[in-house]
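Using the sequences plus the hints, can you model the full thing?
There are 2 protein chains.
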Amino acid sequence: MKCLHADIIAVGSELLLGGRLDSNSVFVAHHLAECGIEVRKKTSVGDQKGDIQEALRDALKHAHVIVLTGGLGSTLDDCTREAVAETLQCALIKRKKAFDNLKACYRRLGRSVTPLLARQAFLPSGARMLTNSVGTAPGFLMRCGQSVIIALPGVPREAKVMMVSQVQPLLRKFFKSNRHYWHHSFQTFGLPETDIQKQLNHFLKDNRGIQFGILASPRGVTVTVSCWVFDGRPSSVKKISPGFLERAYMIHQIRDCLSPWLFAEGDRTMEEIVGEVLRARSWTIAVAESCTGGLVAHRLTGVPGSSLYMNRGVVSYSNEAKRELVGVPASTLRRYGAVSSQVAMAMASGIRMRSRVDVGVGVTGIAGPGGGTPNKPVGLVYGAIDGPQGPQSQCWKFHGDRAEITLKTSQAVLDLIRRYA
Amino acid sequence: MKCLHADIIAVGSELLLGGRLDSNSVFVAHHLAECGIEVRKKTSVGDQKGDIQEALRDALKHAHVIVLTGGLGSTLDDCTREAVAETLQCALIKRKKAFDNLKACYRRLGRSVTPLLARQAFLPSGARMLTNSVGTAPGFLMRCGQSVIIALPGVPREAKVMMVSQVQPLLRKFFKSNRHYWHHSFQTFGLPETDIQKQLNHFLKDNRGIQFGILASPRGVTVTVSCWVFDGRPSSVKKISPGFLERAYMIHQIRDCLSPWLFAEGDRTMEEIVGEVLRARSWTIAVAESCTGGLVAHRLTGVPGSSLYMNRGVVSYSNEAKRELVGVPASTLRRYGAVSSQVAMAMASGIRMRSRVDVGVGVTGIAGPGGGTPNKPVGLVYGAIDGPQGPQSQCWKFHGDRAEITLKTSQAVLDLIRRYA
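Residue numbers (numbering that gives the first Met the number 0), protein chains in the order written: chain U, 0 to 420; chain Y, 0 to 420.
Fair warning: there could be bad hints in the mix.
Because identical chains cannot be distinguished in the list, a pair is counted as satisfied if it fits within a single copy or across any two copies.
[Stated by the list, open to error] Within a straight-line C-alpha distance of at most 25 Å, the following computed DMTMM-like cross-link-like pairs (lysine to aspartate or glutamate) qualify:
id, residue 1, residue 2
1, Lys204, Glu13
2, Lys159, Glu13
3, Lys48, Asp205
4, Lys159, Asp400
5, Lys375, Asp400
6, Lys375, Glu403
7, Lys197, Glu13
8, Lys60, Glu81
9, Lys204, Glu81
10, Lys60, Glu85
11, Lys60, Glu33
12, Lys102, Glu192
13, Lys204, Glu192
14, Lys197, Asp76
15, Lys159, Glu403
16, Lys95, Glu85
17, Lys204, Asp76
18, Lys102, Asp194
19, Lys396, Glu192
20, Lys197, Asp414
21, Lys159, Glu192
Hints are computed from structural coordinates only; laboratory data are not their basis.
Spelled out as structure tokens, the structure:
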């Protein structure tokens, strides 16, 4: 039961001061885990050869697998190839197959392979080439003592394809790991992070080697449950990690305990779930938005196939638009103000009637930063729904900046639809 | 002219396999640069004390400044304090001031300070406490030989406040760096990354020590220009980096060369620029969307103060909605199909007339993945605008998945408004 560790080294000066983050490491870590390999460290360095070499030397001290991403292109600041070759003290050799691929690739683009572009065809001697089926620069894989070094292009699409089609099979063959990563996630909305933690205290205390993650975002709180499990050794499994039945029972218990706030499991989104419940009921929907400015409609229509249930949306930003587009009576606006449960309800009923759909939704609130008053502060939001089960409305008070408040509001409104259906 | 280097170490197991990225390092790197300190390496490690210690030891070998983020909370897996203390071989000592702050903080939340929570009040001996004015766990700063170690909470809001109000003044005092980071960025839309690069080839070849970054996203291509400059040494400046006038002249030249596609400089967004041009013209606007499903309206209303120009939006997803909400003639829909320049134009003119605004906008297209035909493939989009300068329309063909196509479409439509005004 060998525990295999990996380091990921992302190369690119834009990762240090350019405001870019090494997003490749997310899927690289995930794909390594599928091969039983656990990432212990992620590093980002600039395009300086010395910095890449230092990171590589640090990684070689303890990692079984080292994945470098980026720095394989044709411009002069791309020097991952050189850094690896010099660290391992081997030569860079022009590969015929790599060069032929480059020629074919650039021919399709109507260009010839200049000496600068040809740099991509040079790989450390002894390295196995990883073909790039969706771009120009090939990657490579080579062994160094007990470690395996893998270099992938920085372009996510290219690295992903290479990882799945070539790297994973090789790693499985090399290491034959009998360990795999098991994980499950719960998506909740409506209960703060600290209260979710309280709900789970019982599990957190006696976690039996299972890792819990509780991560809050404007979309709600995600609870992840994960552990490394070993295959084919039933007798020893129980000691180090819970077996299949135990894990299934735990998932069942957590589901029970989170159920009042649980809207999805895995990485499905609220809008996908809402789409599903609407389709299950064969209901059509229309949305009238004020403070969210179209975000609820945009999220609903972001789901492929949503034209089956989504009929229309209106962004009735001005009072005039609220009267004209969804028929909110001028007297209701005058009496209760645009941000009120009465106006949200009138918007929901108005759009439902005018578009002849099953479910009408209305939302109005103050997204800030301006526009708040002591009685109606920034973050105050009213949502309403009208449909076959009669009218329902809800009031929320959200914190954050304008973008956060609108995102939380859209999530709350979608959750209102989900619970209604 | 000392060059100061920093390492950033982000602590948290969720950064390795939880799908989370260390976003704190973006502003930490930026704030360090403002103090003349250049980040050379970013590392993410899990909550294991040994891994934090190893990363810290690696960093101590070469970095003048080491910033750790995360792992300062009260749960048992938070062990950044212990890792630093053990690496530097000093004790963790309970700080009265930190403990008093904790007590006051939890009292406001109606809780008392349990022994677990009290862990946050223990800091390495000799460390200077960094007060947390927006959360519970204090940070700390301590010297170790030639290096300065800074530990900040993982919560971005807390780390940001601490960085600006306490860390930056201390770093400026300690290092008195005469170097600073100069950068400028250009936001373009409408020209592919490779063509932008061609436009800039002249500058890239003779870059005079200036770093260029060319980064593509669905919102367009961002060109960044940056370098480290030294203050107060006018005679030596020219040799190592271009002086103020040279930089200003270069910016001027690049602006000229990118101008047909340039929509903003700095980190301003397209919707902010559109808001500005509408306000400058005192124009009001209304938007009729099909494939973008409300994203254009959402982005327009995402700008504080947008109620001054944004009157309304409609998401006329179904043909029925196109007829009813914006009066697209049934014959136009029949004759040209919902995805056509005629329908986009009818949507623009229709919403303009019905809402009595200065500018009406219409957009219709095929976001995919389904719904494409050989004549009208996925990614085909028509946008139209009607206003004081008469009608205009445009056709685009975008690549990518549903989310990318709608984001690119929204950017193209906003750009159409910007160019119109």
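These are the hints, each one checked on the structure:
no. : hint            : result
1   : Lys204 x Glu13  : between (42 Å within a copy, 19 Å between copies)
2   : Lys159 x Glu13  : both (20 Å within a copy, 21 Å between copies)
3   : Lys48 x Asp205  : between (47 Å within a copy, 21 Å between copies)
4   : Lys159 x Asp400 : between (34 Å within a copy, 15 Å between copies)
5   : Lys375 x Asp400 : within (16 Å within a copy, 40 Å between copies)
6   : Lys375 x Glu403 : within (18 Å within a copy, 37 Å between copies)
7   : Lys197 x Glu13  : between (40 Å within a copy, 20 Å between copies)
8   : Lys60 x Glu81   : both (20 Å within a copy, 23 Å between copies)
9   : Lys204 x Glu81  : between (49 Å within a copy, 22 Å between copies)
10  : Lys60 x Glu85   : both (17 Å within a copy, 21 Å between copies)
11  : Lys60 x Glu33   : within (23 Å within a copy, 34 Å between copies)
12  : Lys102 x Glu192 : between (54 Å within a copy, 21 Å between copies)
13  : Lys204 x Glu192 : within (17 Å within a copy, 52 Å between copies)
14  : Lys197 x Asp76  : between (50 Å within a copy, 17 Å between copies)
15  : Lys159 x Glu403 : between (31 Å within a copy, 17 Å between copies)
16  : Lys95 x Glu85   : within (21 Å within a copy, 52 Å between copies)
17  : Lys204 x Asp76  : between (50 Å within a copy, 12 Å between copies)
18  : Lys102 x Asp194 : between (59 Å within a copy, 20 Å between copies)
19  : Lys396 x Glu192 : within (16 Å within a copy, 43 Å between copies)
20  : Lys197 x Asp414 : within (22 Å within a copy, 48 Å between copies)
21  : Lys159 x Glu192 : between (33 Å within a copy, 21 Å between copies)
Checked against the numbered hints listed earlier, the structure breaks none of them; every hint is satisfied.
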